[in-house]
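A.B. asks: Line by line, the protein sequences are chains A and B. Heads up, the first sequence is in my numbering, so the first residue is 2 and it goes up one at a time. Heads up, the second sequence is in my numbering, so the first residue is 343 and it goes up one at a time.
Accuracy of the hints is not assured; some may be wrong.
Unchecked claim - DSSO-like cross-link-like pairs, simulated, lysine-lysine; straight-line CA separation at most 30 Å: (1) A:K216 / B:K444; (2) A:K315 / A:K325; (3) A:K198 / A:K123; (4) A:K219 / A:K196; (5) A:K250 / A:K123; (6) A:K96 / A:K62; (7) A:K318 / B:K553; (8) A:K325 / B:K489; (9) B:K489 / B:K444.
Derived from the structure by calculation, the hints contain no laboratory data.
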Amino acid sequence: MPNRRDFLMTSTLAAAGSVLRGVSAKPAPHWAPYRDTIAIDGEGGLGLFYAEKDDDPAVAKELAAARASGLSGVFFSVAPSGRFWMNDAAFQKTKDFIGQCKAKIDAHSDTFLQVLSADDLKRANRERRVGMIFRFQGAEPLGEDSDRIPMFRELGVRVIQLTHNRRNLVGDGCTEPSQAGLSHFGYEVVERLNKEKVVVDLAHGAPQTIADGIKASKAPMLISHTGARALSDLPRNTSDGNLRALADKGGVAGVIFWPYLRTDTQPMAIDVIRHVEHMIDVCGEDHVGLGTDSQVPPVERTEAFEKENREWIKGAKEDGIFDKNRPDELYTFIPDLNMANRFEVLATMLSARRHSDARIAKILGGNFARVLGEVWS
Amino acid sequence: MIDRRTFVRASALAALAPMLPLRAAVPATWPRYRDTLAIDGEAGLELLRGDEVDARLVERELAEARASGLAAILLQVTGVHAPFDQAVDDLMRCRARADAHKDAFLIVETAADLERAKREGRLGLILRFQGAEPIGYDLDHVATFRKLGIRVVEITHNMRNLYGDGSTEPGNAGLSALGRQLVERLNAERVVVDVAHGSQRTMKEGIEASKAPVIISHTGCRALSDLPRLTGDAELRAMADRGGVAGIMFWPYLALQGQPMAIDVIRHIEHALDVCGEDHVGIGTDGSIASTERTPAFEKENLAMMKDTAASGIFGANRKPDGLYFFIPDLNAADRFDLLATKLLARGHSDARIAKILGGNFARVFADVWG
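I would like the entire structure built from these sequences, with the hints used as guidance.
C.D. replies: Below, the structure written as structure tokens:
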């Protein structure tokens, strides 16, 4: 693992050398406090939870990568995001998938544990396991029934993002033309999430939905994976006004590892750092985190992958997810952070930029852990 | 039947005499009514939709449906937030019930069916949804439902759905991306777009988005009664510019305080005529076809219901629930369209105009859209 990782890191750093001028030339390979840091990814993926068979060699690879990540917590989406009708079959399917995820965690309990409390996060860190934090991206599984919130909490769902990219019954996603805020049902859902101690997540929301959600929630809330709109003026990112309002309520925004961080070419680690630093300026160091929205394992950039990825990016451009003038060579990960322990590598870069260890620990997961602990307790 | 109806009308008029400046000049019937395609933009019949309908009610409703003289009604076939499967079940049950009374009903699928319903003295049923929820995310369901007989789809009911905002929502959202695709698909499949119940912005954007004429099947004029459920002059004008029709409803929305009467219906019609022109105004009562039997039990139940409804704020702040009804008391007869026609005639409106308002305008839009 380290060999391949080191190779990737070196080669991508070399390739990206010109972009990376702002970062010290040779980041230290390790950040000493990482071992004791509760690192949390505000959105991460692991294919093995969908795999039908566990003897697939890809599963063993993923397990190794998960352990190598050093993450104590990963927000994991346990329902389809954003295109999901509320019929009984879909509701049942969601419950079934949650059951399947729990079974996978049990089957690989040396690697994973399910996070239900703040103590579980500490335990995950202590025992070198990856804590899985179940969440929804979009309130669609609730249908029209906020009583499903305590039901899903009972099943282990601890974070509910109100919308994905589209409109749902709660509010507008960021791709909607209408810029609607919360509906009546949306206000009811936020109130119930507060009451049932489930974290409100406003990522993917339209600006007005984010603003209304921050105002409506009594508990601190998250924008689990986003970017700073001031640096990259795209609907999927968050304005300084909303970032400030979020911080005033004690919330945290996680910086995403997607092409949204720039409006032109592929973002690199330096762009992640620019967004982190901008958010620190706007919100203060207690309100910034990381939510990669990438796979936990590094991507093997084979020729087949590159080809498939180009097709996917073309489709995303046609769908308006990315501007049509951007290149086809975009990735939903950061090429020079394409290794399992990307959080640690980023920490070395932040350290080289003279951020204190205490601050880096907050950004890597301390801030998320604080909000999760406050809301869940 | 005639006797009872005449009695109801006479007694209602007598009781309400001081409120009825139109009374004196009103003849018993409008001579042209027999030859008019009268269409109610939203009406209900328990025997087609109810859970338990007793034989007496069935008989009464069948008799009143015949006595209505209507060529057709828009009939909501399922609950306002029904998912696909339930909507299909309800729709098929509704069809089966209508088929069981072929002498009384005809399911309208074409403009010719409207003429036929009139000619054969049957009540045409134009099947529709209030709120596009049954379509869900899958816009192919538009074609499916058209095959099953759906001819009008209202985009939203009072609440937000995936396509737009209802009139009670705080966000006043417009159409969503999916909402725009829905309008496009309804146009392509020749299903009428209805923006009644929408927030002002959803109505405006629905009208703008549709290539075909759009109806606002049951509403009122916000200029006369400034409530979110009604329609502003700008939206009425935009609807008329696209060749659509707005139907005036028979609900308490028509006044800000007190129970609206026939004169209020007429005020809203006349305002809509001023704003839209006579080719763009209709009637959508949102009441039951059968007249309401105002027994003491009914009055008690109605007051309880009105208290809840008024408390919800949809009729405006501080609206007193006493004496409110979901019908117009001096039009509480099966042949309420004929009765209203006599009143419009007495106000000096021409026969040709009255025929348009009673249903000619709706019929024109349906023929345009259904093809």
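A.B. asks: List, from low to high, the hint numbers that the structure doesn't satisfy.
C.D. replies: 1 and 8
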